[in-house]
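K.L.:
Single-letter residue listing:
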Amino acid sequence: MESNTQRSGEPAEQSQDTGLSGAKDPELAKLSRAQLLELNQKFLEETGLETRERALISQRLPMTVLRGEYDGAPTFVRRIDWLESKGYKTVRRSRGDGDCFYRCTSIAFAYVEKVLNAPDVALAVASALSTLEATLPLLKAAGFEPMVYEDFYEVFRSVIEQIVTPDAATGERLTPDILLEAFQEPQASNSIVVYLRLLTSAQIRAAEDDYSAFLFHPDTGEPMGVREFCESFVEAIGREADHVQITALARALKVNVRIAYLDGRGSGDAVEFVEFQNRIDGLESDSSGSNAVVLLYRPGHYDILET
Amino acid sequence: MAAIAPRRLTKELKELTMGECPAGVQLLQSADFETWVLSLEVLGESLYKGEVFALRFRFEPQYPIASPEVTFIVDDKFKAPIHPHVYSNGHICASILGHEWSPVLGVASVCITLQSMLASCKKRERPPDNDRYVRTAPASPKKSRFHYDDDTV
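In order, the protein sequences belong to chains A and B. Numbers 1005 to 1311, taken from this note's numbering, label the letters of the first sequence in order. Numbers 6 to 158, taken from this note's numbering, label the letters of the second sequence in order.
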C-alpha cells in the first residue's frame, strides 16, 4: 500500500512508521494504518488535545505551542526547532475531529490566504478564479450532476472573489480576519471542503490511468477500482486523504503543496518534506523561495505552517 | 450564509416532481425542508412483490453535507420490510446512510439503493440482533453505530 506515496515524485523513503512514539512497539506494528490513525485520534481526544470546541482553523500560533505538546519527546522538539530555523515561525491548527475534512480545509484555507497575500492580488485572484472555473467541466465529465456541486462551488468562488470585490451583503472585502471567520463557520468551511472532495474525485476519475495503479484500500491494502475508491474514500464525508488525493487536488487547483512530515520517520533533526509540484502564477514566494502551500503532517492530522 | 439544505432540497424537489422520480417511488409529503415522506415499492420479481413501504427522510440544516436520517415508517398503514438489514422499528443498516454517505447522494439515489437492497434479497428475515437492537435503539438511527458486515444481501 505504500506505493501510492511515490506519486509525489519525491524519492525520499516512505517508512511504514506512522510516528506513534516511533511505532516500533510490536503491538502497534500489527495494526493497520487506519487503525493507527484511529488510535492516534483517540489519544488526542483523551488527552484533551482535540475537542469539538476547537475552531476549524485557528489564529496563527507561535511554534512554542507546538513544542509544548512534545514535552518529553526530544526528537520531536528538535525537529520543531529545525522547522523554526528554516523560517516557519507560526502554525495554524486545524480541528481534527474525524468528522470534518481538516486536511482539505487546511489546503483550502492556506490556498486562499496565499492568493490574498499575493504581490499582485488582482492577477492572483483572476488566475485562481479562472482555474476554479475550469474545474467545472471536470466535475461534469466525472458524471456529477450540477445540482450536486454548484452550491458548494459558489461558496468557494465567492470567498476568492471577495478578495477584490466587496461582498454584496456586507460591503466588505476579504481581510485575513474575515477569511478566518469564514473558515471557522462550519457551513462555509464544510461547503468548500465538499467542493474540493468532489474536485479531487473528478480529477482522479478524469486521469484514471495516472492514478489507478495507486489506489489501495486504506485498511486492507487491497487494490481498488477508481469508482469504488472515489466513492468510498474521496467523496464520502470524513474520510482521510492520502497522497493520491493530495496529488489530485494539488493538480486540479494548480497549486504547489509542501508537506512537512513530523511523524517520527527518518533520523536526525531535519524534517522530511514531500513536494507536490504544480504551477502557480502570481503567488508570493516565502522565505524558503517557494510559493507552495505548506502543511505540517502528524499522523492522521494536518495543520498549516507559515513563515 | 444561508442554510445550504433548502437550496439543495429545492432542486431535488424540482427533479422529483418534474417526472424524474425513480420508478416505484412516490413523493407523499414534502411540505417543508425538514421531513419528507416517500412511498417505495420494488418493481419486478422480488420477495417484496406487491408490498408498498414508506420512507421518512429527516434533513438537518447541514444536509447534504450531513447525511439524512432515513427510516421505514412503521404505523397503522405501513410496516418495515422484513430484511436482514432492516430492523422492525424501521431503522436501516446501510453504509451509505452512515460512513459512506456523500453529498453526491440524494433522496432519489437513496431510494434507488434501498430498492436494489430489497430486490436482491434472498431470504425474508430480520437482522439476527433485531430484538436487542429495537429494545435499546436511540430514536434516530444516526445515533446508532451499525456494523456493516455483509454487502451481499
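Everything labelled a hint here was simulated from the structure, so no lab data went into it. Honestly, I wouldn't trust all of these hints.
Which residues of chain B face chain A? A few of them, derived with a C-beta cut under 7 Å, are [said to hold, decoys possible]:
1. I9
2. R12
3. K16
4. I70
5. E105
6. W106
7. P108
8. V109
9. S145
Derived DSS-like pairs (lysine-lysine); straight-line CA-CA distance at most 25 Å [stated by the list, open to error]:
10. K1144(A) to K19(B)
11. K54(B) to K128(B)
12. K1144(A) to K16(B)
13. K1144(A) to K1258(A)
14. K148(B) to K84(B)
15. K128(B) to K82(B)
Bear in mind that the values here come from a model prediction, so they are computed numbers and not experimental data. A virtual CB, placed ideally from N, CA and C, is assigned to each residue, including glycine.
K.L.:
The structure should be examined with respect to each hint, and the outcome stated for every one.
P.N.:
Structure-based check of all given hints:
1. I9: The hint holds - I9(B) has a Cβ within 7 Å of chain A, the shortest such distance being about 6 Å.
2. R12: Interface hint status for R12(B): holds (5 Å vs cutoff 7 Å).
3. K16: Given a least distance of 5 Å, the restraint on K16(B) holds.
4. I70: Because about 5 Å separates I70(B) from the closest Cβ in chain A, which is inside the 7 Å limit, the hint holds.
5. E105: 5 Å, holds
6. W106: At about 6 Å, which falls below the 7 Å cut-off, the nearest Cβ of chain A leaves the hint on W106(B) intact, so it holds.
7. P108: 5 Å, holds
8. V109: 5 Å, holds
9. S145: It is violated, given that the least Cβ distance between S145(B) and chain A is near 16 Å, above 7 Å.
10. K1144(A) to K19(B): Holds: K1144(A) and K19(B) sit about 20 Å apart, inside 25 Å.
11. K54(B) to K128(B): Judged against 25 Å, a Cα distance of about 13 Å means the pair holds.
12. K1144(A) to K16(B): Within the cut-off at roughly 17 Å; holds.
13. K1144(A) to K1258(A): 19 Å, holds
14. K148(B) to K84(B): Satisfied, since the Cα-Cα distance of roughly 22 Å is no more than 25 Å.
15. K128(B) to K82(B): 24 Å, holds
In the structure shown, a violation is registered for the earlier hint numbered 9 alone.
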